[in-house]
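Undergrad: Listed below, chain by chain, are the residues.
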Amino acid sequence: MADVDRTRKLLVRTALVTSSTIATLVGAQNLALLDIHQITSDPIAVAEPTAIPTAAIVSVSEGATVMQVTPTIEIVHAAPSVTILRRAGQAGPIESVSVQPASIQPPAPVQVAPPQPVIVQGEAPPPVIIQQASAPSSSGGSSSQTQSSR
Amino acid sequence: MIASTTFRAMGCQVEIKLYAVGADAILSEMPARFDALENQLSRFRPQSELMQLNARAGEWVTVSAVLFENIHMAKHMARLTDGLFNPLVLPALIASGYDRSFEQICSRPVTASQPANDWRSIELNIKKSQVRLPANSAIDLGGSAKGWTAQHIADHLADHGACLVNIGGDIVVNGAPEGLPGWQINIADPDIDLDLAAVWLRDTAIVTSGIDYRRWTTADGQQRHHIINPRTGEPAMTDVLTATIIHPHAPTAEAYAKAVLLKGCRTGLDWLNSRWQAAGLVVQQDRAVVATTNFVSYFQERFTQ
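So the protein lines, in turn, are chains A and B.
The first sequence maps to residues 1 to 150 in the numbering used here.
The second sequence maps to residues 1 to 305 in the numbering used here.
Keep in mind that a hint or two might mislead.
Selected chain B positions facing chain A (Cβ under 10 Å, derived; list incomplete) [as the list claims (entries may be wrong)]:
1) S48
2) D203
3) L272
4) A288
Simulated from the structure, these hints should not be mistaken for laboratory data.
Since we're looking at a predicted model, the values are computed, not measured.
Just so it is clear, CB atoms sit at the ideal spot from N, CA and C, and this is done for glycine as well.
Please construct the entire structure, taking both the sequences and the accompanying hints into account.
TA: Right, dumping it as C-alpha cells:
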C-alpha cells in the first residue's frame with residue numbers, strides 16, 4: 001500500500017510541476033506577443049531616414065523553373081584586329097605606311113605681359129619702378145623646346 | 001664591349017652578338033655547343049640521338065634531357081596549334097622529297113603522301129625521361145629545334161649581358177644595346193633585296209617562316225616546299241608567302257608562324273589575335289602585307305629612344 005501511495009504522490013507532483021511549467025511558458029509567450037504588438041503599433045521616431053541596402057529576397061517555391069542567371073557573354077572586337085600595310089601588287093618597304101606616334105604639343109605657355117612700369121612722378125616720393133622680371137616671355141626657350149619635341 | 005660571331009650550323013647561318021666583359025671567350029665556345037646540340041636533335045645526322053629514337057619507334061627509349069625537353073615542347077606546340085604544328089610530319093616530308101639536308105636535295109619522284117600520325121600518340125614518361133613514338137612513325141624537330149636552340153642559347157648568354165641569337169631568321173634578343181631601346185630587326189622582303197620593315201625588340205623572339213625558300217622541283221616537275229599540312233600530308237596550299245611572328249618564346253613563335261601559314265592570312269591573323277602576347281605580319285602571295293594591329297606598335301619603338 002505504501003508503494004502505491006508513494007507512486008500516486010509522485011504522479012501528482014509530476015503533474016503539478018508539468019502543468020505549472022506549461023502555464024509559465026504560455027503566459028510568457030502571451031506577454032511577448034503583447035509586447036510585439038505594442039512595438040509594431042507604436043510609430044518609431046527616426047531622426048533621419050537612412051537607406052539600408054538589403055539583399056534581394058528570392059522566393060523559391062517547389063517546382064519552380066531554375067533560370068539561367070549567368071548572362072551569355074559575347075565578345076565584340078571594338079578595334080580592327082589586322083592592319084593592311086601594303087596592298088596587293090605593290091613592292092618596296094612598308095615604313096612609309098607605318099603608324100607614327102602622334103606629335104603631342106604641350107599647350108603654348110600663357111603669355112603674361114609684364115605690367116607696365118608704374119612711374120609715379122611726384123615731388124616728395126622718389127619714382128617707383130615696378131617690373132615683373134620673372135614673367136615668361138613669348139619668345140623664350142620653352143617655345144623652341146616645343147618645336148624640338150615634334 | 002660587344003662581340004659577335006657567325007658560323008654555319010643547323011643547315012643555316014648562325015649569328016650571335018653579345019654585350020659583355022669577356023664576350024669573345026664566351027662566343028668562341030658557341031660552335032662546339034651548337035655541334036653538340038645537333039648531335040642530339042638533327043635528323044640529318046644518322047647517328048644523332050633523335051635518329052636513334054626514330055629507329056626504335058614503338059619502344060620505350062630513355063633519352064637525354066635535351067631531347068626529352070624538345071619532344072615535350074613539340075607536343076606542347078602541337079597542342080597550342082590544334083595539331084597544325086605536328087612533330088610527326090616527317091614521313092610526309094620525306095614522301096614530298098625533303099629526305100636530306102636541303103643543300104643535298106635532288107630531284108626524285110614524289111611518293112604518295114599521307115596524313116601525319118596524331119601527335120597525341122607520342123608518349124612521355126617524365127620521371128624516367130623516356131619516350132615512345134608510335135610504331136612506323138618518326139619525329140622531326142626541324143620546325144621547333146632552331147627556335148628552342150636560339151632561346152636556350154640566348155637565355156644562357158643573358159646572364160652575361162644583352163645578346164642577340166639569330167639562327168637562320170629565328171631570332172631571340174635579350175636586353176638592349178647600350179643607349180638603344182632594343183635591337184633593330186629588319187624584316188626581309190621576300191622578293192627584292194630590301195628590308196620590308198624594321199622593328200625594335202628586347203626580351204622577345206621574332207621568327208619568320210615561309211614558302212618562299214626551301215622550294216624544289218621534283219623529277220616529275222612538281223613544285224614542292226617544306227611546309228607540310230599534317231592533315232593532308234601535302235605541301236601547304238596557302239595565300240601566305242611568309243609569316244613573321246613576335247612572341248616572348250621562340251619555339252611558340254615558330255609554331256604560330258606555321259599555323260598562320262596553314263590557316264591562311266586573314267583566318268591565321270584573326271586566330272593569332274586570340275593568342276597571348278603574339279603579334280604577326282604576313283606577306284601574301286599577291287605581295288600584300290597585312291599585320292595584326294599590335295605588330296604595328298613595334299615600328300614605333302625607334303621613336304622612344
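Undergrad: Does each hint hold? Answer for all of them.
TA: Evaluation of the provided hints:
{"no.": "1", "hint": "S48", "verdict": "violated, 40 Å"}
{"no.": "2", "hint": "D203", "verdict": "violated, 21 Å"}
{"no.": "3", "hint": "L272", "verdict": "holds, 9 Å"}
{"no.": "4", "hint": "A288", "verdict": "holds, 4 Å"}
Checked against the numbered hints above, the structure breaks hints 1, 2 and satisfies the rest.
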